[in-house]
Each structure stands twice: as structure tokens, then as C-alpha cells.
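Trainee: Next come the chains, spelled out residue by residue.
Protein chains: 4
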Amino acid sequence: MFFASDNTGPVHPKVLEAIAAANKGYTLPYGNDPITQTARDNVREVFDAPEAEVFFVTTGAAANSLILASWANPWSAIFCGRYAHIHDGEGNSPEAFSDGAKLTLVGAAEDKFTAAELDTSMSAWDPGHLNNAEPGPVSITQVAEWGTIYTLDEIRAIADVTHGHGQKLHMDGARFANAVVALGVSAAEMSWRAGVDAVTFGGTKNGLMGVETAVFFDPEKSWEFQRRRKRAAHLLSKSRYLAAQVSTYLENDLWLELATKANSSAARLCQGIAAFSDATIAFPCQANLVFAWMPRRVHRGMIDAGVQYYIERGQLQGEDPEELLLARFVCGCTTSIEDVDQFLDVLNN
Amino acid sequence: MFFASDNTGPVHPKVLEAIAAANKGYTLPYGNDPITQTARDNVREVFDAPEAEVFFVTTGAAANSLILASWANPWSAIFCGRYAHIHDGEGNSPEAFSDGAKLTLVGAAEDKFTAAELDTSMSAWDPGHLNNAEPGPVSITQVAEWGTIYTLDEIRAIADVTHGHGQKLHMDGARFANAVVALGVSAAEMSWRAGVDAVTFGGTKNGLMGVETAVFFDPEKSWEFQRRRKRAAHLLSKSRYLAAQVSTYLENDLWLELATKANSSAARLCQGIAAFSDATIAFPCQANLVFAWMPRRVHRGMIDAGVQYYIERGQLQGEDPEELLLARFVCGCTTSIEDVDQFLDVLNN
Amino acid sequence: MFFASDNTGPVHPKVLEAIAAANKGYTLPYGNDPITQTARDNVREVFDAPEAEVFFVTTGAAANSLILASWANPWSAIFCGRYAHIHDGEGNSPEAFSDGAKLTLVGAAEDKFTAAELDTSMSAWDPGHLNNAEPGPVSITQVAEWGTIYTLDEIRAIADVTHGHGQKLHMDGARFANAVVALGVSAAEMSWRAGVDAVTFGGTKNGLMGVETAVFFDPEKSWEFQRRRKRAAHLLSKSRYLAAQVSTYLENDLWLELATKANSSAARLCQGIAAFSDATIAFPCQANLVFAWMPRRVHRGMIDAGVQYYIERGQLQGEDPEELLLARFVCGCTTSIEDVDQFLDVLNN
Amino acid sequence: MFFASDNTGPVHPKVLEAIAAANKGYTLPYGNDPITQTARDNVREVFDAPEAEVFFVTTGAAANSLILASWANPWSAIFCGRYAHIHDGEGNSPEAFSDGAKLTLVGAAEDKFTAAELDTSMSAWDPGHLNNAEPGPVSITQVAEWGTIYTLDEIRAIADVTHGHGQKLHMDGARFANAVVALGVSAAEMSWRAGVDAVTFGGTKNGLMGVETAVFFDPEKSWEFQRRRKRAAHLLSKSRYLAAQVSTYLENDLWLELATKANSSAARLCQGIAAFSDATIAFPCQANLVFAWMPRRVHRGMIDAGVQYYIERGQLQGEDPEELLLARFVCGCTTSIEDVDQFLDVLNN
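Protein chains in written order, with my numbering: chain W, 1 to 349; chain E, 1 to 349; chain Z, 1 to 349; chain G, 1 to 349.
Just so you know, not all the hints are guaranteed correct.
[Claimed, not checked] DEER-style ranges, computed between Cβ atoms: (1) ARG300/Z - GLU312/W: 50 to 58 Å; (2) GLU51/Z - GLY164/E: 53 to 61 Å; (3) SER123/Z - GLN37/E: 26 to 34 Å; (4) LYS14/G - ARG300/Z: 55 to 63 Å.
[To be verified] Chain Z regions said to be covered by chain W (calculated; three or more residues, Cβ under 8 Å): (5) 88 to 97; (6) 318 to 328.
[As the list claims (entries may be wrong)] Below, computed lysine-lysine pairings styled on BS3-like, alpha-carbon distance capped at 25 Å: (7) LYS221/G - LYS221/W; (8) LYS14/E - LYS14/W; (9) LYS24/G - LYS14/Z; (10) LYS221/Z - LYS221/E; (11) LYS221/G - LYS24/Z; (12) LYS14/W - LYS24/E; (13) LYS24/W - LYS14/E; (14) LYS14/G - LYS14/Z.
Hints were generated in silico from the structure; no laboratory data involved.
Since the model is a prediction, treat every value here as computed from it, not as a measurement.
A virtual CB, placed ideally from N, CA and C, is assigned to each residue, including glycine.
Excised from the complex, chain W in its bound form (with noise of 0.2 Å):
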């Protein structure tokens, strides 16, 4: 019982195949065979969006990195969320790309901020001003890092807050197809149409080896990606093993297939674990993520019954029986409804 995260669940049958199939042969390297170029514009057909300039790499770090750094100078603030991934998560990935510009958190919430939390934080630092950081580039992840979702008008305040202050605004998607299944909208809906000026287009989270899409909606700066790619020795020579499990990804809508499930399976999870006398919900149930307050007791529990997930806050070891510890569960494109039934079997039993 794997509810730990869905970035290491396996990879789509159809991946795999899409990966045979590509395997003929010599080609070009680096992104200049055929195979990449139909990927590209795959991505391009998906997002309806014929200029966009996409890359392929094989982190979500090295994605999110890279375009931040195209549009951050090294004195340049970045705004982002107070648990943001690239924060917290990502071992000083966007300072090192971008040679040292600032992250600033935004807002009070844990999960989503607003626009005009965005507008105090971007209008502290005076522009003009040598002494203190230059406002820079905006990101949002979405789904959050608490698994809420940002509607299509929270984005569009955001980004025209981001706009008024010169500013571009980035999406970090890990969980991008997640939040377009729960929103019910389109890619293009969620992204450019709202104002977003690129995204990292998350795989790895939803069936794919390690492939995360950069998509820039304004290519003005996608030339600087390039070169920090480079520099960043994220340009693979042998790119069309990344390129062919994104077409297939696309293809027959797999993509929202994949992330349909797992959003199913937490949304009865969720379900499950709300109806259970001892466990509170800590955040909404939006997408594939399902946060909870149990008490420790419950949690040694599952764990000796052989569920794996991450506690956020609190500590498994610990006297007090009662104590409220925050537990994290991730539903990915494998976990089947029987695997949160067993789930939910332990839970109760």
C-alpha cells in the first residue's frame, strides 16, 4: 500500500512502447531529430498554442529552474508560495540557476496566495531602487502544494497583478493534468488563455520515465533557456527516448485518462478517511492529494500494517498516544480504487 508519493509509481505500459518504438537507428542528437519535433508540437497542439517554444528535460527542478532563471536577473526577487516545491524542495535549484536572485514568499495561507497578497509583496520592493532586490518572475504551482487548485479567476488576478508590475508569470505543473481534470477545463484554458506565460508541464507524476515539458506561451526569453539548458547539462543528446513518451502521453488523451484515476481514487480516499471518527481533513480534497490530522496512534497503526506515506508535521516517535500528527497521502495514475479499499480496510480495522 504505496501512498507515499506519485513520483516513483511505475511508468505507462504505453510509455514504454512509445520508447521501443523510437529505437530505430541512428538520428540526430540534441533535440534536432524528427522524433522531438513532433513531440513539440504535439505540446503545441495540446495547449493550442502554435508559437509556444517547448523543451523537454527530465526533472520538474531543472524545469522550473531554467525558466525562472530565463526571465530572473541575479538581483531579482521571485515570488512564490511559503511552501512552494522550488522552495523547499528543490535543494537551492532556482537561487543556483538563476546565480543567486531572492525568493520571497508570498501570502499568509499555507497552500494558495491571493492576487493582492501577490501586490503587497511585489510593491515592497521598490523597482528603482539599488538597496533592495528588483521584483522579478511569479510562480504558482498548481495543484498546490497542499492539494488545492487555483481557479481559472484566482490565476488570471495573479497574473494580471504579475503583468502591472512587468513581471512574467511561470506554473509549476507537476501536477498540471491533475488540476486540468478537477477543473474541467483545457490546457490552454488553464495556462495562457489565464494569463500564465509558461509552464512546466509535469510526466514524471502522472506515468512517464522522468519527462517534464517547459512551455513557453511568450518565446520572447526561450533562447535564453537554451543556453542555460546547456549550461545546465540538461540537453540530452539522445532526446527522442524523452520526445516519444510525451506524444504518447498526448495521444487518445492518455494524459487525462492517467490523471483522472488518480484524482478518482483520492477523491474516494478522501471520502474514506473524512468518514473515520479520529481523522480530520486539513485541506480541501482537489485533486491527488489528501492531507489528514490522526492521532499517532493510528498512524503506528497503518505503518505496521504496511502503509507507506510521509508524516508532515509531528513526529511518528513520541509519548503522548493522542497527539495530532499531519499525514500526507498521494493517490498516482496506478493507484486503483481496490488499493484504496485495502487502504481503507486497515484504516477502519
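With chain W fixed as given, assemble chains E, Z and G onto it according to the hints.
Mentor: Relative to chain W, chains E, Z and G alone:
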């Protein structure tokens, strides 16, 4: 007829099988899974180095730069050959990863440098003087960029000079397998037994999908490698798919079998070109690279006939049909004797 | 009537005399001259720290950033107050000098943070987890940015937390002299005896031309400071002209005499403003800084009368004459009682 | 008898007077004061460049590195001479300030390089190819490191090549005054009229306390210089004390008077050494530097007699009394004819 590079040929079928075999259920991310642990052990065995620290990344530039940055300070000089790939093929990655160390080019020859030349270069910077860069690590490329190979004695002499200056020696082994086969020695003999402190053990140019292995024989700074790898966004969550490739690569000496094939094809190719009256071999053909000077008209004929390769010196465009241009021909692990003979047919007709 | 800052008042006449006295003949460059050596000894004596390592630079930002960078790794978090000068007044210098470390803001108050708040912040980053930043050094500002002063007990408690996490404590002492005078303690008591590992010992805001002194009580990493100072182009060839200033500054307690004058003027200023019916003192006046809320119309009158100072919160432009704006008034070492009284005359008329 | 360097002689008395004269009352910090504005205008006048942007810093390394970093990208190559001070005398400052650009050494001679050599070096990096560094700015040193001087025609030819590659030309003018005097040209003729885009206009080696002036004739990137200067902690609050030095330096051609004196002394020194039977002048003496090969025994005698200078090649320690060692003798603006004659007396006796 593809002789442009060995960095973009197809993946060996067994490698794809290994990936498929690894694709079972959930596991721990970031290299904490059993498949990764096994592959690390496999590397240790092949290098006869039970204490070695072993890490997998997706590009050679990442492995090279991360190893060197783990040893260098930002105020260091890193010593390498005049045409080292880390100098002219990686878009300033070593400088970026080391936060600004300076590459210092050693020697007079284009391919290999000598221990005496290295000593001259390292001695030119006074380690106690703040004004100049501090002497730092040394990097050699094996197979060197122009197809020649350092002998064990040459490596040992370079290692002695490096260590005499209190520094560490790195081997960029993008074509490590080709060199081991050519020299008829073991992995251990060509690395730590000859004084090498860390190796980039290449796989991508020899049949893998995109895996390079950093091997630290001296594990002192390997903790820093891990911090730097994460910071550089080169720590993959789904590590098992890299690791599975490496285990298969080492099993039953597949890596040696593939390199033997590439070297054999290159030897035949070299012989054939050398016999061609209008060509002059530029460097001894010791591994899987062949360099030859040929008149512009010959190149034009070859390229018109569909042969793919790079011209390293001179321009195909130009008037004088007799002007000599330097070409590089590479045999990969899927280049067959038939491919070579087909090439020679074109050349001779 | 200049109350804008203490960073640009005139230099004390004795300091100019010392520079002139140092201006004799040739000497060794880069701090190897006897005048520099003497000044380093003078600092050691004043701090009662014969083993300390002492370096002179021309800006506080350089001293702060070079000390912190000598201790931090690029993947570190550096802990400081919410309005620390290193965070919002130095144009990303600490990030630049440390090659991308992350400043983490501690506490709820605007000026000082507590040991308990620091412990919470440092504990939030798991030192063994690659995903987050590694906890690094801590920096406190004494006098803090809003004019208040850490007590010796508060410093000691913060040092204990810092050391408990295996890290080092830096004190940004741009106004070190003002704090020493206010607390009535010695330089040693307010620094190493309270657990501080290195101090930026300010001079520029207290009568020098532009000299800040980095003092390492723990000399372990002071060699790295020297490499970093050279690399940052902050090693001056004509070091004697900085050093001569420092020796004079310390001779006969000139530094304390100057800070006493600034603090006394500020105390009188604070008293006078507090007595003014339309003003509210915002922070306790403990050194040479006074913060007060006053209506817009009062500010306009002051500024029209030629008083120079900064408004920290709110805009002079605006409609409502009664809106409260927060002002900062600074007394420097040449601000006389007459200057203060002249100011209060304007305020009260 | 101090012939070691011109970087640590005494300050001219008029410069101290100017500092004292500037020491009146409070003023605006960070260069917004009238003294700084006047000095900036004075520089514009001397260079006959009313549109130039002018900035003061305390070290030549800062001026050089900040100018180059304003033009270079982190993935750029910066082109300079084999023994350029920015390469071997600044502790990797240019790499640090540019966040990792690569210095590429041009030419065969030790001092000056030619336009043709520069063209070869710049052409070796394909600007459209991500694998190699992108060709970036060019830097020449005037007076060059071994005492020779670029003619106006040589500068113009180098500028043409630089601009032909779409890049900008920097002149490290640590000894700008000595070169202007030697060539008998104006500041404008030796800089922007010859195609130079920015100059480090040195003062420290010619009688100032520690001021180097960055002059951008092409102001396009000068805003970036200001951001970088602040970030590098090289923006001084008490700017007026730097500026006052510069105004005095330019007034009544003091800067030319001082350089004339240094050059004259060096000419006499060169003549005297050349006449000495055991010495060989190594480079033409064109400004204020003299390089000569002399046997070890002669050096020992000189040093025993109290002459201070650097040996550039070879070691004073050693057995063979006849082994030739290369020495550098520098005349500063306070080196008198009597000093030179005293030196020659020692040499000849």
C-alpha cells in the same frame, strides 16, 4: 551511413528489456530503491572498488561538472587539455557548477597532455598567493578528444603530478569502455590503480539511453557531490530506470562487447581510409574515432552520397576543390562491418 | 537639518589626520604593511581577543556577505531577521557572495527575533535531507534595523541555538559602537563572550570615511574569507589608508565617544518627539535611531522647513492630511544637541 | 629603493587636500551628492564624451569585472591576453562577477595580441552552437602587462574585429595615464575614438588613494553595471571621498603630470639598466615598467643593498650564480630621478 557521432545511436535491446523488467509497482524515490542499490554494487564490482561511491546522472556534462565542482573552489583553476570536452563542448557547465572556477588549458598537443606539461601549468599558479587562481583538480579525457588513448604509464605520471600538488585527478570516460578494450586492461587498472580519484563512466555513447555514472574511488567529497547533484536538478525521482540500464550494461560484459564492436569497425574504417590515396589519417586510430584530411571534392561526393559526419577543420563551402578538410568519423556500438564496407565503397567510387 | 542617515556624515578630523600621517613613502601592498598589522592588533586588543583574525573592507555589505559566505554552502539557508539589512538593503549581495544560499527570515517581530523563533526556523530544514536547503549560519543585527538592541542574554540564547544546530553566529555591527555604549558593556562581552563567532565591526556610520572590519573570533574559516575577499575585488592595494582610520578610531576610545554623542542626541530627539502631541514613538529608542508615526501634514511641514529624513511606511504624496506615516530619524556622531533642538523647534512650531 | 610596484606609493598631497575640502557637513549618500556629480562631469570633459556614464569604485579588479560582467553572459567567452591581469591577478573575479563566463587567452606574444589573433580566437567559437561558449566581450590592457603599449592603429584594428563579431571592447587602463603620456594622444583618442566601448580609468597606481573609474562610452548596459556594483558591495555610501580625488586628479592635468614623471624616471632607469653589461632588457620600455634579465648574483647584490622589486621568472634561491632571472622594476609617480640614480649606483657598484 551515419558516422557523425556515437552519442545518438539506438539503445541495445537488452537495455530496453531491463527497463521493462524494472517497471513493477511503486518503490522508493531518489535512488533509495533496491534496483539502484544493486546497480551501485555492480559498478563497485566491475571497478574492484568496494568502497567507491557511485551515482547516476543523465549526461556526461553533469557527471564531469559535478565531480570537478565537488573538488574545486570557486577561486580554483581546473586543469584540462586544449580541446577537452569540458572546455569546448559543455557550454560553460564546469564554470557554472563550480561557481566560477577557471579552466586552464595544458600542453601543446591537441589530444593528450604530458605529466611534465601538467607540472608546468600547475606550478605557474602559486597556491599561497591570493592574486592568482588556486591550483585545483585535473581532468583527462579517455579516449581523448582526437581518438588517442593515454597509456597506464601516462595516467600514472599525470596522477603523480596531480597528487604532488595536493589535488585530485578526474577521468572523463565518456568512451571509457572503448579505451579499456583498446588497452586490454581492467576498469580498475585504468582508473584507481593508475591514480585516478574519480571517473565519469560513460554509457550513453555505448548503447545506453542516457546514463553516465560518477564513481568516486576517494569518497571524501562524495557527500558534496550529492548536495550539488540535487542543487543542479540532476537527482531523478525514478532512479531505478537509470540504474537498471547500468546493471544490464555490466552483466556478462555487455559494455565490453559493445565497445569491442565499435573499435573493430573503426579499425577497419581507418585501414580503408588510410588506403585511399587522397586521404591522410590525422591521429593514430586507437579506439572508435577516425580523423582524416581529405580534399573538399571528396567530402562533397561523400555527403552527396548520404554519408553523415562532421568536418572539424575547414568549411565544406569554398572554392578550391583540392583544399584539405579534416573530418571525424565515429563508429558506435551498432556500426557493423557492413556499414563500414558500404562507406568504403562510396569512398572508393 | 540632516536626520536621514548616519552613513554619509563627515569624517572625524582625527581620522583625516591619521590618513595624512600614514601617507609617507612606499610600503608593502595588500595589507602586508606595518600600519595594517598594527591596526589588526588594535582591534584584537579592543575585543580582548588575541587570536582573532581581522580584515578591513570598504562596505558593510562586503564584510557581512564575505563572513557569511565563508561559512555557508551554496545549498545552505542563512537565517536572519525579517528586515535584516542583508536581506533588504544589499541588492542580493549575500546570495551573490555565497553563490546562491537562501536567506530565511526568522520571527514575527520586525526588529529582533528570539532564540525560540530561531530554533523553529532552523529545525524546519532537515540537515540530512537533500531536498531542502541545509541549515547554515545565523546573522543578527546589533543595533537592530528598527533601533532596538539585543541584550547579552538574548544574544547568548541565540548563540546557543545556533551552535546547537552546529552553525556559527554572525553579528552585523554596522552600529556596534552605538549598541556597546547603550548597553554599557565591552566589545568582548557583546561579541565572543556572548557566543558570537564573527562580527562586522562598523566604522563608516560612526565617523570613518568607509571602513568596516571583519573580526573572526573563530579563525577556522578566515583563510576562506581572504580568498573570497580577493575574488570579490575587495582587497585594496593601499590597505594602510583603511587601517590608519581604524587605529585612530580605537585610540583613546574615540569610537565610544562618537557613539555616545550620537546616542545622546537621539535620546533627546526621542524625548522631544514623544512629547509632541501628534507623534507616536514606534519602537523603543535604545541607540541612535528614532521611529515615529506622524500625520502627513506634519511631515510636509517638516520637509518644507528643510528637514531631511526618510519616510519608511506610507507616501508623502497622498490626500488625507491626517494619515499617519512612519518616519526614521537618525543621529550621527556629528549631530549636536543644537541640531536636535533646532529640529524640535521646527516640529513644535 | 622601492621599485616593486606603483600600486602602493603615497598619495599626492593635493589629493589629501581635496578629501579634506570635501569633508563638510552631511550630504546625500551613494553618489547622489554634488561632489560625485561634478567629478563625473569632469571625467566626461577629459574624455570629451558628454554622454558617457561614469562610476567610481575602489579597485581595478572591481571596475574591470563589473564592466565585463555587464556585457557578458554566464555562458560567454571573454577574450584577453595571455598574461592579462584579469586572468592571473584578480583571483577569479571576472569569473565570479560574470557568474561563470570563461576567459579565453588570445595570441602568441606575452604582452599584446593582434587583431588577427583575436579574430582567430573569436571565430573558433560558433555563436550559434550551444555546445561551446558564446563569443563575448574583449579586454585589452593599456599599458600592457609587460610594459608595452598598443598603438592607436592596433586598438582600432582590435575594436573592428570585436565589433565585427557583435561584441564590445574594454580597456583595462590601470596605467591609462602612462599610456596617454607615452603616446602623446588625448584620452578620447586612446579610447572611444579608437573604438573602445568602456575603460577602466586607473588612479590608484598614479597618486590616488584607491579610486578606479569605470567609463562607459556606450551607455547601453550601464544600468546593469549599477545593479552589479551594488550586488558586489562596491557602492560606497560616502562616495564624495572617492569623487573628490578624481576631480583633483583631473584638475590642471595633474594626472598627466604624475604619469609624465613616472615615465621619465622609467626611461632613465631603462637606459641605465641597458647600459649595464650583465643585463638584457626584455621588452621595449614604453611607459613606467622595465623588465630585465640579470644573473642571480646581481639580483642578490641588489636585494642585499635594499632594493625592492619582484622577480617574475626564476627563483632567487638557487645555486648557479650566473642563471638569468627576469626582474620587473616599476617607477611610480613619486619615483624621482634621484631614486633612479641611487638605484643605478647600486647596480653599477
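Trainee: Does each hint hold? Answer for all of them.
Mentor: Against the structure, the hints come out as follows:
Checked against the given bound of 50 to 58 Å, the beta carbons of ARG300/Z and GLU312/W, roughly 52 Å apart, stay inside it. The supplied range of 53 to 61 Å is broken by GLU51/Z and GLY164/E, whose beta-carbon atoms lie about 33 Å from each other. About 30 Å separates the C-beta atoms of SER123/Z and GLN37/E, a value consistent with the hinted range of 26 to 34 Å. In this structure the supplied range 55 to 63 Å is violated for LYS14/G paired with ARG300/Z, their Cβ-Cβ distance being about 44 Å.
Counting residues of the stretch 88 to 97 of chain Z whose C-beta lies closer than 8 Å to any C-beta of chain W gives 7; at least three are required, and the coverage claim holds. Only when three residues or more bring their CB closer than 8 Å to a CB of chain W does the claim for the stretch 318 to 328 of chain Z stand; here the count is 0, and the claim is violated. Note on LYS221/G and LYS221/W: the hinted pairing holds, with a Cα-Cα distance of about 18 Å set against a maximum of 25 Å. Proximity of LYS14/E to LYS14/W is assessed by CA-CA distance (about 19 Å); at most 25 Å being required, the pair is judged to hold.
Note on LYS24/G and LYS14/Z: the hinted pairing holds, with a Cα-Cα distance of about 14 Å set against a maximum of 25 Å. Proximity of LYS221/Z to LYS221/E is assessed by CA-CA distance (about 18 Å); at most 25 Å being required, the pair is judged to hold. Proximity of LYS221/G to LYS24/Z is assessed by CA-CA distance (about 40 Å); at most 25 Å being required, the pair is judged violated. Distance check on the hinted pair: LYS14/W and LYS24/E sit about 14 Å apart at the alpha-carbon level, within 25 Å; holds.
For the given pair, LYS24/W sits about 14 Å from LYS14/E by alpha-carbon distance, which is consistent with the 25 Å threshold. Of the pairs offered as hints, the one joining LYS14/G and LYS14/Z holds, with about 19 Å between alpha carbons and a cut-off of 25 Å not exceeded.
Going through the hint list in order, the structure does not satisfy hints 2, 4, 6 and 11.
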